[in-house]
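K.L.:
Starting from the known structure of chain F, fit chain A with the ligands onto it as the hints suggest.
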Amino acid sequence: MLLKLSLDKTGGLFTEMARDRTLYLPVKRGGQADFAPWTPEAEVCLDYLNTARSIKDFFLPQTENIAAFKREGKKITITPTHEEPSPFVVFGARACDVRSLDVLDRVFLSDPVDTFYKAQRENGVIVSMACAEPEETCFCNAFGIDAAEPRGDVVTWIAGNFLYWEAKTPAGEALTGKLETLMSEADSSDLKEIEEQGKAARAAFKELPLGKLSLEGWSGDDLLGKFTSPLWEKMSKSCLGCGTCTYVCPTCQCYDIQDFDTGHGIARFRCWDSCMYSDFTLMAHGNPRKSQLERFRQRFMHKLVYYPANNDGMYSCVGCGRCVAKCPISMNIAKVIKALGGNANA
Amino acid sequence: MPAVKEIQEKMRARAGELLRDGGVSMALGWKRGEFCHDPEPAFFESEAELDNFVYDGFSSPLLSKYLIETIRKDKQKGEGKGSKFLVFLKPCDSYGLNLLLKEHRVERERVYAVGVGCPGMLDVDKIRAAGVKNMRSFDETETEVTIHASSGDKTLARRDILLEKCLVCKGPEFAVQDEVLAPGLPSFEGGDRFAGVTELESMSPEERFSFWRNELSRCIRCNACRNACPVCSCNKCVFDNPQSGVQAKSNADSFEENMFHIVRAFHVAGRCSDCGECSRVCPQKIPLHLLNRKFIKDINAFYGAFQAGADAEARAPLTNYEFGDVEPGAVVKRGGGA
Ligand code: SF4
Ligand code: SF4
Ligand code: SF4
Ligand code: SF4
Chain F
21 MLLKLSLDKT
31 GGLFTEMARD
41 RTLYLPVKRG
51 GQADFAPWTP
61 EAEVCLDYLN
71 TARSIKDFFL
81 PQTENIAAFK
91 REGKKITITP
101 THEEPSPFVV
111 FGARACDVRS
121 LDVLDRVFLS
131 DPVDTFYKAQ
141 RENGVIVSMA
151 CAEPEETCFC
161 NAFGIDAAEP
171 RGDVVTWIAG
181 NFLYWEAKTP
191 AGEALTGKLE
201 TLMSEADSSD
211 LKEIEEQGKA
221 ARAAFKELPL
231 GKLSLEGWSG
241 DDLLGKFTSP
251 LWEKMSKSCL
261 GCGTCTYVCP
271 TCQCYDIQDF
281 DTGHGIARFR
291 CWDSCMYSDF
301 TLMAHGNPRK
311 SQLERFRQRF
321 MHKLVYYPAN
331 NDGMYSCVGC
341 GRCVAKCPIS
351 MNIAKVIKAL
361 GGNANA
Chain A
1153 MPAVKEIQEK
1163 MRARAGELLR
1173 DGGVSMALGW
1183 KRGEFCHDPE
1193 PAFFESEAEL
1203 DNFVYDGFSS
1213 PLLSKYLIET
1223 IRKDKQKGEG
1233 KGSKFLVFLK
1243 PCDSYGLNLL
1253 LKEHRVERER
1263 VYAVGVGCPG
1273 MLDVDKIRAA
1283 GVKNMRSFDE
1293 TETEVTIHAS
1303 SGDKTLARRD
1313 ILLEKCLVCK
1323 GPEFAVQDEV
1333 LAPGLPSFEG
1343 GDRFAGVTEL
1353 ESMSPEERFS
1363 FWRNELSRCI
1373 RCNACRNACP
1383 VCSCNKCVFD
1393 NPQSGVQAKS
1403 NADSFEENMF
1413 HIVRAFHVAG
1423 RCSDCGECSR
1433 VCPQKIPLHL
1443 LNRKFIKDIN
1453 AFYGAFQAGA
1463 DAEARAPLTN
1473 YEFGDVEPGA
1483 VVKRGGGA
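Chains F and A, in that order, are what the protein sequence lines are.
For reference, each letter of the first sequence is one residue, going 21 to 366 in this note's numbering.
For reference, each letter of the second sequence is one residue, going 1153 to 1490 in this note's numbering.
Any given hint could turn out to be false.
Stated by the list, open to error - Here are some of the chain A residues that sit facing chain F, going by a computed Cβ distance under 10 Å: (1) 1185; (2) 1210; (3) 1221; (4) 1280.
Because the hints were derived from the structure by calculation, they are not lab data.
C-beta: ideal position from N, C-alpha, C; glycine also.
For reference, chain F alone in the conformation it holds in the complex (with noise of 0.2 Å):
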């Protein structure tokens, strides 16, 4: 059932969806929206597409403390330090990083099972929201993905002076359940212009920069002939390894265990970690991929080529652009796709 709201009233709907659980929703930070938890005084900004963060962090959060390790004599004691999981709603979330979610799940998900990863997943409601226009730097489309009617528990509109909702999961029917008494039932002419308003979102997406790429040549077969190219050498050159991409990137997930002396003990944690880094992977003799033209090249080919090799031919890349966005020297995946990919992109 489609349910409305008047966009004057979402204050209400927030306090009521924050009363048993933390709630995240894009909110204005250093002048640009990034998720952060909603307070009364929270500057929502629901008109920026893609928050500088993506919602992985709620997901696979950049720090997790997992272990406390304590020697006396000859005893060292183990305390699990990680934090009790919670309830959260994620308000906002883009068709882009709710897909990022497949992703992450197939890695995290599948056997061996991340219990950590599973616990966060269980414990939060996504509420998507879609986009009635597209950024510059939006490529979603490339990977199928359809930003006007996103997925998720709930799904939301934004369309007039209107905020429409309707739960697709029955974790999105409980959250609905305690709000519907803020929210009237829509009717078909409200209909019409969330599909009037998707259709203009769609077709929006050829106007773009990036709106045509294409994806041909990609495909976790050609492992050999992509990764022996020449051109990456080329396309690394102006990288200067900083990570930022694999930080703002929603589908990256590789991490470390670190252990840190304390002083009085071992604190070990979870923390993201980037190929792009020269300490990635290190093992006893060193990096096996010593220079950034390799760890430039192991970032696409994981996303492009490996990952759909061992996942049904799903890329690890949703088109989200911030990677594009945020990147000092501007290189990013577009390019990488375009260069050695089909002729499609021509």
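P.N.:
Only chain A with the ligands this time, still in chain F's reference frame:
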């Protein structure tokens, strides 16, 4: 005064000449990207490749630091001994090259530095904030930029859409160069670059602390600020060394990133030329320049006006010792210390 487009064509032609018969084996410049506002640093090895050469109001990434890798790789190959690399330097980048020379990170004889006048680099976020959507192309002069976008055409005053660093430009002079193309573009120098620092100094220590805690709380520790910095040129940064015990990634406590920035600010103190790259590249819009400028302001106050990178030889205040040097007690006199 040549238009920016004319400078671009001059540069392209000159790079072609030098690649053809000027003893230069590679030219470091910028090439066209996917949008009209994202030129990428590029390494041109032949005249034919120069078709993509671009120099305009978005050619903001600095190039001098790339010389380290370029020369290192060239040596590794064992070829082209003595061949030179052409690098196009905007005035702010010429200070960076001087610092690389001074710290022996780059050899002077391997570099052919061509200074190019800069009209002031543009901030795409400011353009978007002015209501522009999906920029397709633009025309620029020294004072105005007309943007053609899906949201319509819009003419904006250049000053209003400049990068922060360009609002306080050090001026059109080059600290080091072998030749200058199109000198003397009127820059937007003259802004008070210490205004932000003065404001922070007028806060109470508690307010200042919470200002920085808040700003740095957004840091995702991506290292873009460090990796883009022309003076962050250590072969192995302490934060990349798993043996150092201060490793970057674990964020062992909520002060970890703060520590990183404090350490970095100290390490570039007296060496930071205030080129502004760190603030420009930060994906989280953290005003790192305020941290660096605090050091610059203090160095100026204690040792007399000093500009890092103004030359490649003289000893810098913090690496020199003189009897008249300020004593640590100065901190207490200024109200600091416990
Ligand atoms: S591609 Fe860009 S963002 Fe990614 S590591 Fe290289 S310079 Fe940094
Ligand atoms: S690679 Fe870039 S566009 Fe693709 S999902 Fe990651 S950040 Fe988004
Ligand atoms: S560039 Fe910004 S977010 Fe990245 S490490 Fe530096 S301050 Fe932090
Ligand atoms: S610290 Fe920032 S302003 Fe200073 S030289 Fe480095 S990048 Fe430039």
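K.L.:
Compare the structure with each hint and give your call.
P.N.:
Hint check:
1. 1185: holds (5 Å)
2. 1210: It holds, given that the least Cβ distance between residue 1210 of chain A and chain F is near 9 Å, below 10 Å.
3. 1221: holds (8 Å)
4. 1280: Holds - the Cβ of residue 1280 of chain A comes within 10 Å of chain F, reaching about 8 Å at its closest.
The structure meets every hint from the earlier list without exception.
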